[in-house]
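Peer 1: Could you slot chain A onto chain U? The hints should help.
One letter stands for each residue in the lines below.
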Amino acid sequence: MSHQATFAKALLAPGQICPDGLFSGNGADPASRFAVHRNTVHNGLINALAVAYPVTQLLVGEAFFRAMAGLYVQACPPTSPLISEYGSTFADFIQGFEPAASVPYLADIARLERLRVRAYHAADDRPLEPHTVLAALQARADLGTVRLRLHPSVATMASAYAVVAVWAAHQTEGGLAALDPGHAQSALVLRQGLEVKVFAIDAGSVTFIQRLAQGEALQTAVERALEASNDFDLHQCLTLLISHHAITHLHLDSKVSP
Amino acid sequence: MTPIFAHTSSPAQAPGLPDRAGLGLKHEHFIEVLETSPDLGFFEVHAENYMMAGGPFHHYLGLIRDQYPLSLHGVGLSIGGEGSLNREHLARLAALIERYQPQAFSEHLAWSSHGSVFLNDLLPLAYDSATLHRVCEHIDQVQSTLKRPMLLENPSTYLQLERSTLAETDFITEVIRRTGCGLLLDVNNVYVSCINHQRDPSAYIDALPLQAVGEIHLAGFAEDSDSLGDRLLIDDHGAPVDNAVWQLYEQVLARIGPIPTLIERDNQVPALSVLLAEAQHADWLLTQVRP
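Quick mapping for you: the protein sequence lines, in order, are chains U and A.
Read in the UniProt record's numbering, the first sequence has 6 at position 6, and its numbers run on one by one without any break.
Read in the UniProt record's numbering, the second sequence has 160 at position 160, and its numbers run on one by one without any break.
Watch out, some of these pointers could steer you wrong.
[Said to hold, decoys possible] Quick list of the computed label-pair ranges, beta carbon to beta carbon:
1. U:Asn39 x A:Val269: 17 to 23 Å
2. U:Asn39 x A:Ser116: 22 to 28 Å
3. U:Thr132 x A:Glu137: 52 to 58 Å
4. U:Asp20 x A:Asp224: 19 to 25 Å
5. U:Asn230 x A:Thr36: 54 to 60 Å
6. A:Glu137 x U:Met1: 20 to 26 Å
7. U:Ser243 x A:Arg290: 54 to 60 Å
8. A:Gln251 x U:Phe23: 28 to 34 Å
9. A:Asp266 x U:Phe23: 25 to 31 Å
10. A:Gly16 x U:Pro54: 37 to 43 Å
11. U:Glu195 x A:Arg290: 23 to 29 Å
[As the list claims (entries may be wrong)] Below 20 Å or equal to it, Euclidean Cα-Cα: the simulated SDA-like pairs (lysine to any residue) are:
12. U:Lys9 x A:Arg163
13. U:Lys9 x A:Ser116
14. U:Lys9 x A:Phe57
15. U:Lys9 x A:Val117
16. A:Lys26 x U:Gly44
17. U:Lys9 x U:Ser102
18. U:Lys9 x A:Gly83
19. A:Lys26 x A:Asp66
20. A:Lys26 x U:Ala5
21. U:Lys9 x A:Leu161
22. U:Lys9 x A:Gln160
23. U:Lys197 x A:Phe57
24. A:Lys26 x U:Asp125
25. A:Lys147 x A:Ala94
26. U:Lys197 x A:Pro56
27. U:Lys9 x A:Ile97
28. A:Lys26 x U:Lys197
29. A:Lys26 x A:Ile97
30. U:Lys197 x U:Asp125
31. U:Lys197 x A:Gly54
32. A:Lys147 x A:Val117
33. A:Lys26 x U:Cys76
34. U:Lys9 x U:Asn39
35. U:Lys197 x A:Ile97
36. U:Lys197 x U:Val146
37. U:Lys9 x U:Ala50
38. U:Lys9 x A:Ala126
39. U:Lys9 x A:Glu162
40. U:Lys197 x U:Arg224
Bear in mind the hints are in silico, worked out from the structure with no lab data behind them.
Every residue gets a Cβ at the ideal spot worked out from N, C-alpha and C, and that includes glycine.
Chain A extracted, bound-state conformation:
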């Protein structure tokens, strides 16, 4: 398979987001953002939330895009799906990218659609050679349609699949090698998955191709337990970033230097000031590793 976006430049530099902290843009905060112009590196939006024809969402995103760099984050492409990619959806993505010219586009290593049904969740993949081939084909198709490299986000998982023959980190490494896509390193997903599967988060990060990281995600999780009473962390984006995730983030920054970093909050969205305080903390940590 020929890499469409072979490493002609470092994927870490290619997307063009500033090496600063950004926030997920919530509609609850549209007006306050425009009125107060908070000092942030960028905003990120879920692509699927802006695929309607018109109205207030486009109105406000257009005004905010005029002031800030933008990251477009897809949650519905189903890159790991058994079937072919939804061409209509890919065309909508291309149109959105044309309209807003985001500095980065990212999607997930997961599946979310089957047949005609969209399941509205990021579901786990079997890490085997058939899946690897399919995921790489899909990413090639995305990158050639969008005419830009994408970032692929490592998943948060709760289950393992018996069919898997590769470690998740080896799978991700091979996808990046074959397709030339970058890595969206979600440090919260690393922590959640490693606790859920009783792995060492630092070792997991060490096994990833960190030179390909183009963006970092930080978020909070919910805590549950499984049938054995063991900790089961749920990636619900409904809480502040956990201390353990901040510590892991510092380790990553110490390894690879400053990287555009998103604070994600999609549930129980607090006041903008609460999220800005988290972004300021990330910005401060980024400053510490700036050369």
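In isolation and in its complexed conformation, chain U is listed as follows:
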């Protein structure tokens, strides 16, 4: 094994291993100095996760979070120098992390927080003004054939838990008092201007938005959404998307352009 391979392996190893070939000019044990690098690597990455997953940390407490994050760092070190992307598999790790099982919605909160980070850094695209979208849609007799392009920050997730309510309860002082995390809830995450927003949506809306994102026309997307949930409300879902600048283009099948 090369010197750097040995060094890298020792940095990420669970024990206090010090690689060979190192010394201190004053004769001190090189392990006591190698520890500086070990701490920098671990603390830096754990801190990056703590910044990206603040509610996840609040739910389990700092000590538990840092211990869990430390194990994640050893199991899944970064594969890119872009630290803002680090931790994309942290929610899956939490899902399988037995000691966290007493907070069954923890992994889904982490998934929601990852969507927020992605939305924050997602590509820029100029949204259509709400009145532009409404005017174009209202002018159409064949509304069902219209396809919408969504802002790059738009993402959805479905959860068996009240992820949005739990997340929102931790945005202000006061906490979880009257909250039942046990009911299913889905989330819409998007960036409007410079601000990332989180909305609770129903399962039909998740399907609808996902189908739109795949490039399907309105009619097909509505049909799939109604299959997913009888309660799907097209008007409400479209209003949410339009009013929060989630639509960047209308494809009117080469007849009219916005």
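Peer 2: Same frame as chain U, but now just chain A:
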């Protein structure tokens, strides 16, 4: 090895940052910087913090770049890595330079990636001829891809490698001679390393090719001790610049005159006014050596 950027002009002049004090731009200070337009020579950002597709970081950096000169400081290229440079990362750097047209680009004499793993730290090199050859090849590749000379930062180190056959200063001197890159003289790193290895910081600075200095970094350190109880300074960028580092900085300025100088603070980031006060002190010292 042919120097791609041989000394056709003094590297000290080439990057084009003003000979004034600058600050590391922290996202905590985006809005205050735009609202108050503090009197600073330049801002510096870590390149890797601006490699996302879009969003607020680019929005604010674009607005601030319109008002200030910019230094782009890489922390993830792993120039001393045993493997080849990450071409994808180098392409991202080139795109960022194209977008923001920074006056300077700098990176570290260190390694930070191995195989597919990024270790998020600046790790020490063996100063031998094989490493020298590899580092020079990597710097040639960076400079030819980015179509500009880079500045190479001297490291802060805690350990020595048995394989080293050259003094760090001789290694740096030879890299600069062979590649034509400039030197980012991190005075805090000089102090930290020299205390950690019981060397004389002034002698270390004297042994560097000071005519190649294009930028200076000043920062604070944390203090620990090793297994013998000796002082072990840690380059954590989490404290004000230490008095000993200010004194060393004054010695450097007396030798080479005014140089663009960055106050670095990456941890426990204080109010902007606290950092501006440090920058003002550096600016005052720069004024004292202006011809």
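Peer 1: Confirm or reject each hint.
Peer 2: Here's how the hints hold up against the structure:
1. U:Asn39 x A:Val269: 17 to 23 Å: 20 Å, holds
2. U:Asn39 x A:Ser116: 22 to 28 Å: 23 Å, holds
3. U:Thr132 x A:Glu137: 52 to 58 Å: Given a distance of about 54 Å, which is inside 52 to 58 Å, the answer is holds.
4. U:Asp20 x A:Asp224: 19 to 25 Å: About 23 Å separates the Cβ atoms of U:Asp20 and A:Asp224, which means 19 to 25 Å holds.
5. U:Asn230 x A:Thr36: 54 to 60 Å: Holds, since U:Asn230 and A:Thr36 (Cβ atoms, about 55 Å apart) stay within the stated range.
6. A:Glu137 x U:Met1: 20 to 26 Å: Holds: the Cβ-Cβ distance is about 23 Å, inside 20 to 26 Å.
7. U:Ser243 x A:Arg290: 54 to 60 Å: Because 56 Å falls inside the window, the suggested range holds.
8. A:Gln251 x U:Phe23: 28 to 34 Å: 29 Å, holds
9. A:Asp266 x U:Phe23: 25 to 31 Å: 29 Å, holds
10. A:Gly16 x U:Pro54: 37 to 43 Å: Check passed, 40 Å falls within 37 to 43 Å.
11. U:Glu195 x A:Arg290: 23 to 29 Å: Violated: the Cβ-Cβ distance is about 45 Å, outside 23 to 29 Å.
12. U:Lys9 x A:Arg163: Cα-Cα ~19 Å, so holds.
13. U:Lys9 x A:Ser116: 12 Å, holds
14. U:Lys9 x A:Phe57: 33 Å, violated
15. U:Lys9 x A:Val117: OK: U:Lys9 and A:Val117 at ~10 Å, within 20 Å.
16. A:Lys26 x U:Gly44: Measuring from Cα to Cα gives roughly 16 Å; hence the hint holds.
17. U:Lys9 x U:Ser102: 32 Å, violated
18. U:Lys9 x A:Gly83: 16 Å, holds
19. A:Lys26 x A:Asp66: Answer holds: A:Lys26 to A:Asp66 is near 17 Å, not above 20 Å.
20. A:Lys26 x U:Ala5: 33 Å, violated
21. U:Lys9 x A:Leu161: With Cα atoms ~17 Å apart, U:Lys9 and A:Leu161 stay inside 20 Å; holds.
22. U:Lys9 x A:Gln160: Judged against 20 Å, a Cα distance of about 18 Å means the pair holds.
23. U:Lys197 x A:Phe57: 17 Å, holds
24. A:Lys26 x U:Asp125: With a Cα-Cα distance of about 25 Å, the restraint between A:Lys26 and U:Asp125 is violated, given a limit of 20 Å.
25. A:Lys147 x A:Ala94: 9 Å, holds
26. U:Lys197 x A:Pro56: 14 Å, holds
27. U:Lys9 x A:Ile97: Violated - the C-alpha atoms of A:Ile97 and U:Lys9 are around 33 Å apart, more than 20 Å.
28. A:Lys26 x U:Lys197: 23 Å, violated
29. A:Lys26 x A:Ile97: 19 Å, holds
30. U:Lys197 x U:Asp125: Holds. U:Lys197 to U:Asp125 sits at ~16 Å (cutoff 20 Å).
31. U:Lys197 x A:Gly54: At roughly 16 Å apart (the allowed maximum being 20 Å), A:Gly54 and U:Lys197 satisfy the hint.
32. A:Lys147 x A:Val117: 28 Å, violated
33. A:Lys26 x U:Cys76: 28 Å, violated
34. U:Lys9 x U:Asn39: 14 Å, holds
35. U:Lys197 x A:Ile97: 31 Å, violated
36. U:Lys197 x U:Val146: 26 Å, violated
37. U:Lys9 x U:Ala50: Outside the cut-off at roughly 24 Å; violated.
38. U:Lys9 x A:Ala126: 17 Å, holds
39. U:Lys9 x A:Glu162: Given that 20 Å is the threshold and the Cα spacing comes to 19 Å, the pair holds.
40. U:Lys197 x U:Arg224: 25 Å, violated
Violated hints, listed in ascending order, are 11, 14, 17, 20, 24, 27, 28, 32, 33, 35, 36, 37 and 40; each of the other numbered hints is respected by the structure.
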